[in-house]
Amino acid sequence: MTSVSSASPGLSGIRDVKNRLFGPLPDVAEEAGYEPDHPKRVGFFTDTSVCIGCKACEVACKEWNTLPMDDSHGKRDALGLSGMSYDNTGQLGANSWRHVAFIEQSRAVDLPMPTFGRPGDDRHDHGPSPATAGDDVSLANAQQSVLNAEALSEFDPQTGQTGADKQIRWLMSSDVCKHCTHAGCLDVCPTGALFRTEFGTVVVQGDICNGCGYCVAACPYGVIDQRKDDGRVFKCTMCYDRLTDGLMPACATACPTQSIQFGDLDELQERADARLATLKAQGVETARLYGRDENDGVGGDGAFFLLLDEPEVYGLPPDPIVTTRDLPAMWKAAGKAAVMMVGVAVTAVLGSRRR
Amino acid sequence: MKTWLDSWPVYRQLTGSDPLGRGKAARSKGTESVVSRTATADRVVKSVCPYCAVGCGQKVYVQDEKITQIEGDPDSPISRGRLCPKGSASKQLVTSPTRVTTVKYRRPFGTDWEDLDLDTAMEMIADRVLEARRKGWQEEDGGKRVNRTMGLASLGGATLDNEENYLMKKLYSALGAVQIENQARI
Amino acid sequence: MPGLGASFGRGGATNFLEDLANSDCIVIEGSNMAECHPVGFQWVGEAKARGAKIIHIDPRFTRTSAIADLHVPLRIGTDIAFLGGLINYVLSNELYFKEYVAAYTNAAALVSEEYVDSEDLDGLFSGFDAENRQYDEASWQYEPEEPPNSGSDQPGEAAEQKRTDQHPDVKKSDRAQAAGSGGPPIAAKPKRDETLQHPRSVFQILKRHFARYTPEMVSEVCGVEPEVFEQVAKWVTENSKRDRTTAWVYSVGWTQHSVGAQYIRTCSILQTLLGNIGRPGGGIMALRGHASIQGSTDVPTLFNLLPGYLPMPHAMQHTTLEEYVADAEGKAGFWGNKKSYMVSLLKAWWGEKATAENDFCFDYLPKINGDHSSYRTIADMIKGKVSGYFLVGENPTVGHPNSRMNRFGLANLDWLVVRDLQMIESATFWKEGPEIETGEMSPDTIGTEVFFMPAATHVEKEGTFTQTQRVLQWRHKAVEPPNDARSDLWFYFHLGRILRERLAGSTDPRDRPLLDLTWDYPVEGETADPSADAVLREINGFGPDGALLNSYMQMKEDGSTSGGCWIYCGVYADGVNQADRRKPGKEQGPVASEWGWAWPLNRRMLYNRASADPDGKPWSERKKYVYWDEEAGEWTGLDVPDFEKKKRPDYVPPEGAKAQDALAGNDPFVMQGDGKAWLFAPAGVVDGPLPTHYEPAESVVENGLYKQQANPTLEMIEGPWNRANPARSEVYPFQVTTYRLTEHHTAGGMSRTLPYLAELQPEFFVEVSPELAQLRGLSNGEYATLVSARTAVEAKVLVTERVRPIKLRDGTVVHQIGMPYHWSYSGISTGDAANDLLGIVMDPNTHIQESKVSSCDILPGRRPRGSELLEFVEGFRRRAGVQSGKVGTNGRDPVAAEAGEGSTIS
Amino acid sequence: MTGGITSPGAGWRQADRGPATQHTTKKRRKRGGGRSRGEIAMVDDVEFTSYYGRQIVKTPVWKSPDVPLYLFLGGAAGSSSILAAIADLTDRPNLTRVGRYTAGAGSILSVVALVHDLGRPERFLHMLRVLKPTSPLSVGTYILSPFSAAAGATAAVELLGWFPRLKRFGGVVSAIFGGPLATYTGVLLANTAVPSWHAAHTQLPYVFGGSAMAAGGGISMVFVPVDEGGPARKMAVAGAAIELAAMHKVETDHGIVSEPFHEGRPGKLIQAAKTATAVGAGLTVVAGRTRLGAIASGTLLAAGSLLTRFGVFEAGIASTKDPKYVVVPQRERLEAGTNEHASTVTR
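Protein chains in written order, with this note's numbering: chain A, 10 to 364; chain B, 18 to 203; chain C, 81 to 986; chain D, 346 to 692.
If you're looking for bench data, these hints aren't it; they were derived computationally from the structure.
All C-beta atoms, glycine included, are put in the ideal place defined by N, C-alpha and C.
There's no promise every hint is true.
Computed beta-carbon distance windows for the label pairs [as the list claims (entries may be wrong)]:
1. C:G669 to D:R678: 53 to 59 Å
2. C:K314 to A:A283: 41 to 47 Å
3. B:T57 to D:R678: 38 to 44 Å
4. A:D238 to C:Q963: 55 to 61 Å
5. A:A87 to B:D23: 27 to 33 Å
6. B:R124 to A:G215: 47 to 53 Å
7. B:T85 to D:R692: 24 to 30 Å
8. A:D239 to D:H593: 49 to 55 Å
9. D:S409 to B:A56: 53 to 59 Å
10. A:D86 to B:R124: 55 to 61 Å
11. B:Y28 to A:D86: 51 to 57 Å
Every beta carbon over 10 Å from chain D, so not counted as near; a handful from chain B, in silico [as the list claims (entries may be wrong)]:
12. W25
13. E131
14. N164
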């Protein structure tokens, strides 16, 4: 891809970019007009297999972005127990930019939990121990399939049967705006309030948004929402302001287990692939990545996940597609329909007897 | 004219590298002037989280003598910069809307709080300490010398600093008060 | 923490959080680490990433279980049986670390002929005094190799003290906690049988004592299937050897039991047998729940302790300084220097006025002669015996069990000072407490004068916290506190100043301690805030030349040195605030010795001499930590050796050696009188030298092991406001356990008032199993009412399979209810107070209440209001055959005026 | 897929309900709620999983009646402007005048409706900051703005009788934008993640175009003398036929996401819309040449158009509130393997 200097304005300055609406896009920031020396695209890799559901991400996010308190239905300044396990946040919305989902499951067969990952690279220069070097034994242990105690001890107190077949699993996952490669919210925004930053993230500009609400309907993940009393829409900015100061987003900074990892997207993708391979090797068949594939319906997510169950279990769409993929077809239909209208009108008039 | 036109994103769309108006062309004045409040802080003070006993390091950002941000201190070998939800919320300890920052006084059999000057309150408390000490004084108990007072008791939380605990124990002991307890019992 | 203190010599966590990363197996038991210490839990994560097995043993499936490799749901209150089973497994399968046990423990010591084990007395040990519900520990002693107390400089005094130690009043005064640093004193070093075969050797006694704790018995008592038990046993023992270590993690899930100290003792015995103490990746990690709860016992505001675990003088034993130090004077181990520590403390407090001639003002100290702990004090308040009360950052009407009783106590004071950030429930009980609604008290009847004094937050004052692994960390002040808000340091300094001004010129001898007190701290700023730095310097202590001391080894008994807390001596070593050291972790080794400062003497892992074998060589290359460098002639390694640096591993104490010199080069437990880890505790634990399974006071199950149902020595406070649910009652058929959630902090004053935390757990709720929900008709998200002999509370219901009924072998189904205790009526997130439901029964060692297990009934719907609530609860009491709980105005009982005196089990 | 564990609805996992006790809720939820009606085979026993039955996509925050009215007014104005322009060129003054008034009034009112719907109405002009072909609303703004300027001005001069030349020019300009104004609203709704709207993305422009002609023709029928109203009647009937035909496809082509068009309040609205439109069209043919018949049928056609807008709008809203409309079709296309793109799940 050739870059054109800003000194040559006009249509000649428009870069020849493929897949502007759909499909993989190697450099989202450049597509959005940034010079090639823009920062690398950053993102989140949320590894739910090490999430302890502490909600530090939710609080750190609200704290940094001074978001209002709300209940599990997004109602501002309201409180109430949701009855959904330990989730009283309920959903992502204008007031909650991180949402930790809690899923309680019990089932009748072996269901291994994964071994803890080693996210983050700080351990390389920190925390070496007398025990680590060349520890083949522990590695071998780590790769044993791990039985959940429930498998051994569960029984039904009503019937007295020893139920070695029932297991409990408690999944936790911190959801966030996906910062899609092809972001429906950004595409449909008529004011340019939503824009692609130099970091490749998608951010709402509060001084521009006029609350038309189009983005709310356009997000295939149900992330962005309007704050009723304010009128404008809000969502995760991946702490755009912090990024400009060289800091990590607040959620990733706080996360105690590094379930939320922030970094250059390509590096995160590598890390996630390795993590998935590790888990698979440990027999965690249910592990999978979500939003990591650049060929998916949104061109891959800037914030992607390692899940232990199907996406919809976590409240995520199983096959999200950016709505704008179909826009050319829609414009075509609208154009044809408009022409049709003129045709009908002309026919109607010409076909009518003049008085 | 050029500047004026340049401030219109459509013009930037038509002339720049962002024809679809989804990125560079759409940037607003607000966005161009975004600055992290960590960058504008007057100072950063090192502290320790007051909740559980892990003792996570905290960085406290201060601007215009107000706390603008509290976050984990990555230098801490114990916490490595991470914080739990409570630690992440600890700025609200300072800024909580329901925090009470003036002395309140309820007189015996009173039905509501009254305001009280801090110095007056200190003097009143001193009076009452001396009186309670006198009332509960025991020179001996069970025939043994105890030189203490049973009229005063204290219960401290475990968010007290070591220095505070030390002064408390020192003062209470000098007063002869022994029923001095702490959350640590719980 | 007498459980650890009596076993190893110091009542603190033996290792540090970061060291958990080195574990090959981590057992989290009696702790919900992921929820209550999320950031500390990252080190468990590190270990897991390195291949360690993570086992979570807990009645509830929590966020910790969700990440563990194995969750073992055991019946509430049966940890001793489970751990006892592991001990038996280790002993009977010969899986203990033989060289370690032989060299570093008291396994070889012989116990007195008079000792009779609980196995032979159906749950009681020899020496039980049924009248006072206490043990005389005389029969638990070692068989001495020399006449008792001959090592002492004052054999007579020491013997006298030994005798009075067993007096009920002394017992009540909680001597056990004095073992926080320095094991309990013993009369003499024991005779030993190095073959461990002598029938009266500790090792053989241990074997016999735990022989009954078979996997089958564990299964019956704990409701844990034998297969699961064996899985745990396998993982633990496979990972405890020369090159592998297992760590145990506990917190208040163990301490808040009527046998709490013995839970920890059981674990200590197991970890000692496995050779996991003093070694990297091993140890017993005691997770403290609050920022400086460790500090609050090190520099205690506790009735029975002086700083540095020096005991508070007892009226019967300590009329003079000489008597006070007699039990330790000249003994082996570092406790042998008790006098130096005490004299330095007295010099710190009374400075120039403390001289050898006046016993260094020892007599200025008030004396204790019984249990003056907080629950006892509350009972005294209700009786009108206490005039004034200070609540300093504590909210007992929410956070303490039987909150109702606490409110009655406060309602009968003359005055109350509450120092807090928020208008907590303990400050508003007189107008908003639940008893106002029931008509049991009202503002018109409550004469308590209340002062609410706004406090400074952690960023508005400077000072040190001591966190869970004994590390002191200095906090800098970021901003000034607003308006009238002041630090507690400010409050106490100025209160003391005013009091001293008031009494200036007094000739009353009782005022001398106050007037002679050193109280001249420099003040700073507009508010005249005293310098915390100056206080820390005083705590550290000064030498004769006025220079700051570097080590408590420099403390002298002649009054030439001072120091407010001997174990903290060194925090200002070299004139530098060591607690303020902040060398980034990334720039130092794994032990990070240059971050903050750990007591004692910046040793991060205690007893680390045990990480090397008796000859001073590492047990294995993989677990190398501290070892003897023959060339340099000193101990070296990753950490500061918890041992005299130059003492050779083959050092044998010469005849007549005192204090530390009396310990050999292979005695790693330097605070113990015999330098050994105690498998058997001849002293220091008041309810038995060995742990024994007893049912909780309000268990719904019969003790399957012994006739003795509950701890024979457990403490109780009797009164109409503290009625006990009878054990195995059909009226209160379900067990309930209280706990904390990640999203909240204890009594909620620091979390329910913060919007971002309140919204995360917005209402009081209880967790029940689907089975119990079906049994009682409870629905998810709806209200339920829980009722005990104390009162009834209502909560929203979460029905979850994470809470499981336990079915015992005899078919009994034990339903367990989970009940987080953060709520009450104030703040943003509100609800009834869980602690209203609980009564107070206590561990006799620590006076810590059994809030982890009680019993109740649960019904669908909301609770009755007003006086109907009282009738409702009384109805249950009547059916259960419990004495009436009706009280007079403000909780006073006009009839049973003497109630509250008893301190024994009903 | 990893077999039994992960296949949705395999039975062991019940995350789409509150914990354990709520068996009834679960059953109801699993069945997908509501009755099916009509001749269309409904996916009634569909099994799927969700997060406590919570919706996945957000419900649009667009207000009713603002937005349905906007759709209606824009359509009626657009088709009227076309009719007026051609009528003007073929010298039909009454038809021209009525068409211009309808277009002018409609355009002004639709701007009002659009602005009123904004969370920050005072920032309406921010719509003109950028021109985004990817945003139907942006494109729509650049259609509506010239249209309403031209149509409004034309209507005004028509009323005042000034500048006849300019009048014709304005009429032609507005007619150029009239068609797109009427059909772009179909794209406006369809270019969202709202399942029932997006699925019909190639059909909605026709529905709305036809509906616009039915409405525009209908309104003209009401006000134009019957002997001049021939073009209006023809356009109205043709529009109604297109609307009904396209709407039929919307209602039947899309499996489960067609369901909201049949159920509940939106179902009733659409049923009423179809009835009004069909009866109106029939009446036009039968009695359109009588004054009364013209008024009655014109009103019915306009009402039918209005009801269609409300029905389609509300059906879309309904489709966001049940996660099955997101999960089931996405699962189906994943399992059918018909996607040209890759799965977002990497196993």
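Against the structure, the hints come out as follows:
no. : hint                         : in the structure
1   : C:G669 to D:R678: 53 to 59 Å : holds, 55 Å
2   : C:K314 to A:A283: 41 to 47 Å : violated, 31 Å
3   : B:T57 to D:R678: 38 to 44 Å  : violated, 50 Å
4   : A:D238 to C:Q963: 55 to 61 Å : holds, 56 Å
5   : A:A87 to B:D23: 27 to 33 Å   : violated, 45 Å
6   : B:R124 to A:G215: 47 to 53 Å : holds, 50 Å
7   : B:T85 to D:R692: 24 to 30 Å  : violated, 44 Å
8   : A:D239 to D:H593: 49 to 55 Å : violated, 42 Å
9   : D:S409 to B:A56: 53 to 59 Å  : violated, 45 Å
10  : A:D86 to B:R124: 55 to 61 Å  : violated, 35 Å
11  : B:Y28 to A:D86: 51 to 57 Å   : violated, 42 Å
12  : W25                          : violated, 7 Å
13  : E131                         : holds, 46 Å
14  : N164                         : holds, 60 Å
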